[in-house]
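Enquirer: Residues per chain are reported as follows:
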Amino acid sequence: MTTMNMIEAINSGLDNMMARDDDVVIMGEDVGYFGGVFRATAGLQEKHGKTRCFDTPISECGIIGVAVGMAAYGMRPVPEIQFADYIYPGLDQLVSEAARLRYRSAAEFTSAITVRSPFGGGIFGGQTHSQSPESMFTHVCGLKTVIPSTPYDAKGLLISAIEDNDPVMFFEPKRIYNGPFTGYYDKPVEPWSKFESSEVPEDYYKIPIGKANIVREGEAVTVLAYGTMVHVANAVVEEHGVDAEVIDLRTLVPLDIETIEASVKKTGRCLIIHEATRTSGFGAELSALVQERCFYHLEAPIERVTGFDTPYPHSLEWAYFPGPVRIGEALEKIVGELTS
Amino acid sequence: MADDNSKTNLPPLSLHVPEPKYRPGDTVDYSDVDIPSAGDQPRPDVSSDPAIMREMVYDMVRVLDEDYKAVGPWDPKLSDDTLLKMLKTMAQVRAFDDRLHRMQRQGKTSFYMKSTGEEATSVAAAMALHSDDMCFPSYRQQGILFVRGYPMVDMINQIFSNREDKLKGRQLPIMYCSRRLGFFSISGNLATQYPQAVGWAMASAAKGDTRIAATWCGEGSTAEGDFHSAMTFATVYNAPIIMNVVNNQWAISSFSGFAGGERTTFAARAAGYGIAGLRVDGNDPLAVYAATQWAAERARTNNGPTLIEHFTYRAEAHSTSDDPSAYRSAQEREEWPLGDPITRLKRHLIHRGVWSKEQHEALDKDCIEAVKVATKEAEKNGILGHGLHQPFETMFQDVFEEMPWHLKEQSEQANKEREIKWPDAEASR
Ligand SMILES: Cc1ncc(C[n+]2csc(CCOP(=O)(O)OP(=O)(O)O)c2C)c(N)n1
Ligand SMILES: [Mg+2]
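These protein sequence lines are chains A and B, in that order.
Position 216 of the first sequence, counted from 1, bears residue number 215 in numbering that gives the first Met the number 0, the numbering being contiguous throughout.
Position 274 of the second sequence, counted from 1, bears residue number 273 in numbering that gives the first Met the number 0, the numbering being contiguous throughout.
Think of the hints as simulated: they come from the structure by calculation, not from any bench.
The model shown is predicted, which means the values in this text are computed figures rather than measured ones.
Backbone N, C-alpha and C fix where the C-beta goes; we use that ideal spot for every residue, glycine too.
Among these hints, one or two may not hold up.
Subject to a maximum C-alpha distance of 30 Å in a straight line, what follows is the list of computed DSSO-like cross-link-like pairs (lysine-lysine) [said to hold, decoys possible]:
1. K375(B) / K87(B)
2. K186(A) / K415(B)
3. K375(B) / K186(A)
4. K20(B) / K49(A)
5. K193(A) / K264(A)
6. K332(A) / K420(B)
7. K379(B) / K356(B)
8. K20(B) / K46(A)
9. K186(A) / K420(B)
10. K165(B) / K84(B)
11. K420(B) / K193(A)
12. K167(B) / K186(A)
13. K76(B) / K356(B)
14. K87(B) / K356(B)
15. K407(B) / K332(A)
16. K415(B) / K332(A)
17. K46(A) / K186(A)
18. K186(A) / K379(B)
Example chain A residues on the side facing chain B (calculated, C-beta under 10 Å, incomplete) [to be verified]:
19. Y32
20. E162
21. T309
22. S314
With the hints as constraints, model all of the structure from the sequences given.
Expert: Have a look at this one:
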C-alpha cells in the first residue's frame, strides 16, 4: 500500500494497465512529454514509450474518432479530453459512433475505449473549466459512465473501465484530485494522505463497474451522490446529525439499482445530490427510478439538490455550487417530514 | 487484390509521433530555420488569383531588415505618428500583461494570459483594419482592445470579476467582450470563433455592408474541425474575412508539429481551399500591418478571404496555470531568430530619427505608471477574493431573454442561501 492522491492513483492505474496490456495506449492534448495539465499521465511516456502515450493535435473530434479506429483494430485506447468542457467537438464520434458501433455491426466491431476527462467546478475555472456534462452521456445508449470519489476507487474503477469492452466515459472530479472537499470554500483543503481511501495498492486491482458503495449506513434517509458531492453530502449529514445512508453511485450507467432500491425501501426517503445543472440532470433519472420502484415505501417526496440551471459562473461560483446550505435545507426538509 | 506471396517479407509499419527539437536544458540552434531576407517578397495585386500566390505560403513577408530599415514592396510607408502609436500601444500591452500576471500571482484573481512577444499580431493587425471592422479574437489578442481604446480599468474590472465588471463576473479573466468596439465575446472553447467570423462576414456581404471581419486563433487550434469548416465556408461564399493564425510555436506543452507544422506551413492550408494565403514575420509590426492591409483591401473589394500565418514565438508561459520550463528549452526565447516586435519597432523609429533610447525608457515608465493607476482604480471595485461581488440574481439573468419560472425559483433560492450564509457580506448589498 502506498498513499496516493487521486491523480497519483489514476496514474498508477494507467501504468499497471500499460504494463499488462500492449494494446493500452494513452492519447490526448499535452498528455505525452508534459504528462497532462493535471499530471495524470506524468512519466508514462518516458516509461512506456512514445507510441504508447502521446500528445495529439487539438481536435477532440480527432482524438475520439482516432480512438474508435484504434479500438476497431483491436487496441484499447484511453483518450484524455483535457477538460470535460472541451468534449463537445468529439460528441458526434461518441454519440453516433463509439456508442453504437457494437449495435450496428452486430458486434463485429466494438469500441473498447475509456475516455478520461476532468469535470466539475470549485476551482474558479469559469464556464469552460467547471461543467458537469455527465447526463449528456448517460442519455446516450451504449456508453457507460463512471465517476470515482476517492483515490482507491479511482484506480480500481479505471482499471475496470479500461478492461471493459464497451466505451466508458470516466469523469474525474478535479476539485478532489488533491483532497476531499466538504463544500466550505473558505476552509483549507485537507490532503488525501489524511484519509484511509488514499491507501492504494501499487498493483493491479479492480472495482467493478455497476456497483455502488454505501459510504455511510443509516436509517433516516438515503442520500444519492457521486464524485465531489459524496464528500459534501457526508459532511452535511454529519453536521446536521442526521442518520442518513449515503450512497456513492460510482457508476451512473449501468446503475446499481439494487443497492439504491434496498436503501430507499429501508429509509423511506431519498435525497439526490449532484453538481450538474438540474433540468434533465442525472437526478431526474434517479428520481424517476426511485419513484417507480419504491413508491409505496416513500414517506416524503424525493428531493433533488443540484447546481442551478445557468452556465457555470466565474465569480459567483460559491453562490452557484450546491453547498452545505442548499443541501442542509433539503436534508432538514426531508427528515422533517418524519414527524409530521 | 494486391496481396502477393511475399507478404512475410514486408517491413513492419511504424508510428510517427512528432518530437520538438529542443527540450529543457537543450542548447538551441536556429541556424537551420529559413528566414528569407526582408524586402525580397513580391506584393501581388489584391485581386490576384490565389493560384498565382502559392509560393507566398512558404515564403515570409518581412519589411524590417537587419538594420531596422523598412524595405521592399510590402513597406506600408506609415507616418511617424502611426508608427509611434503602434509602438506605444505595444509597450502598453506588455506593461499591462506584466502587471496583471503579477496580480494573479499575488492572489488577486484566478487566471491570466500574457501576449508577450506576440503584441504585433494583434496591435499592428488591428491598426490596419477600419475601426468598425468586426474582430473575432482568441484569448491572446488583448492588443486589439488597446488599439480600439477600451479603458484599462474596464479590462482590470473584468480580470478581477469585481462589481464593476461589465460581464457581471460571468467570464474567466481576460475573456473580454465589447460590442461597441467590434470585439466579439471570447470563448474558452478553441476555434469556435472561426466559423462565426465567417458567418459575420457573410452577413455583411449579404446585406451589402462595407465592413469586413477578422478572426484569430493559435496554430494549435487549427487542428479543430471549426477551423476547417470556416475555411470551407469562407472559400465557398468568398467571404470578406481575414483569418489570422498566430503561430507562436507552442500550444501549451505541444509544439507546432502536433498541428501539422512538421510537414508544411500553416499559411499553406490556404492553398488547399483556394484561398489567398500569406505567411508573415509576426515579430515585424510593419509586415503584420502590411499583410493585414493587403487582406483587408482584398476583402473590401469583393476579392474574398485571406489566411495569414503570423510566424512568432510565445515568449512566456501559456497562462498562469503552467510552467514552460517543464517542457521547452529556456534558450528558445533568447535565440528566437525574429527578435522581439517592440524592440524591432523601437530600433526602426530610432533609425528614422524620431525616437530615442531615453524616450523609450520614459515610455516604459509611463506605461507602467498608467497600469498602476488603472489597477488602483479597479481595485476600489474589489478583487476576485471570495467572488461574491454581484447580486445573486444576476446569475440567472441573460440565460434567456425572459426568465422562466424555474430560474425565478432558483434565483429566490440563491438569495435565501445568501442571507443564511453571508448575512453581512459585501455580497448582500
Ligand atoms: C476545444 C478546446 N480544447 C482544448 C482546450 C484547452 N486549451 C486551451 S488553450 C490550448 C492550447 C492552444 O494553443 P494555440 O491554439 O497554439 O494557441 P496559443 O495558446 O498558443 O495562443 C488548449 C489545448 C480548449 N480551450 N478548447
Ligand atoms: Mg500556439
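Enquirer: Take the hints in turn and mark each one as holding or not.
Expert: Going through the hints against the structure:
Restraint check for K375(B) and K87(B): the C-alpha separation of about 21 Å stays at or below 30 Å, so the hint holds. Only pairs whose Cα atoms come within 30 Å are accepted, and K186(A) paired with K415(B) is accepted, the gap being roughly 22 Å. This hinted pair checks out: K375(B) and K186(A) have alpha carbons roughly 29 Å apart, not beyond 30 Å. Taking the CA atoms of K20(B) and K49(A), the gap is about 15 Å. The hint holds against a cut of 30 Å.
Proposed proximity of K193(A) and K264(A) is contradicted: the alpha carbons are some 34 Å apart, above 30 Å. Under the criterion of a C-alpha separation no larger than 30 Å, the hint pairing K332(A) with K420(B) is consistent with the structure, at around 18 Å. Our distance criterion of 30 Å between C-alpha atoms is broken by K379(B) and K356(B), whose separation comes to about 35 Å. A C-alpha spacing of about 20 Å is found between K20(B) and K46(A), which places the hinted pair at or below 30 Å, so the restraint holds.
Distance restraint check for K186(A) and K420(B): the Cα-Cα separation of roughly 14 Å lies within the 30 Å cut-off, and the hinted pair is therefore satisfied. As the CA atoms of K165(B) and K84(B) are separated by approximately 27 Å, the hinted pair is consistent with the 30 Å bound. Proposed proximity of K420(B) and K193(A) is supported: the alpha carbons are some 28 Å apart, at most 30 Å. Under the criterion of a C-alpha separation no larger than 30 Å, the hint pairing K167(B) with K186(A) is consistent with the structure, at around 26 Å.
Between K76(B) and K356(B) the alpha-carbon distance is near 23 Å, which keeps this suggested pair within the 30 Å criterion. The hinted pair formed by K87(B) and K356(B) meets the criterion: a straight-line CA distance of about 14 Å does not exceed 30 Å. As the CA atoms of K407(B) and K332(A) are separated by approximately 21 Å, the hinted pair is consistent with the 30 Å bound. Our distance criterion of 30 Å between C-alpha atoms is met by K415(B) and K332(A), whose separation comes to about 15 Å.
Straight-line distance between C-alpha atoms of K46(A) and K186(A) comes to about 38 Å, which puts the hinted pair past the 30 Å bound. Using a Cα cut-off of 30 Å, the hinted pair K186(A) and K379(B) holds, with the two alpha carbons roughly 26 Å apart. At about 6 Å, the closest approach between the beta carbon of Y32(A) and any beta carbon in chain B falls short of 10 Å, and the interface hint on this residue holds. A distance limit of 10 Å between C-beta atoms decides the matter here; for E162(A) the minimum to chain B is near 23 Å, and the interface restraint is violated.
Against a cut-off of 10 Å between C-beta atoms, the interface hint on T309(A) holds, since the closest Cβ of chain B lies about 5 Å away. With its C-beta approaching chain B no nearer than about 3 Å, S314(A) sits inside the 10 Å limit, and its interface hint holds.
In summary, the structure is inconsistent with hints 5, 7, 17 and 20 from the numbered list given earlier, while agreeing with the others.
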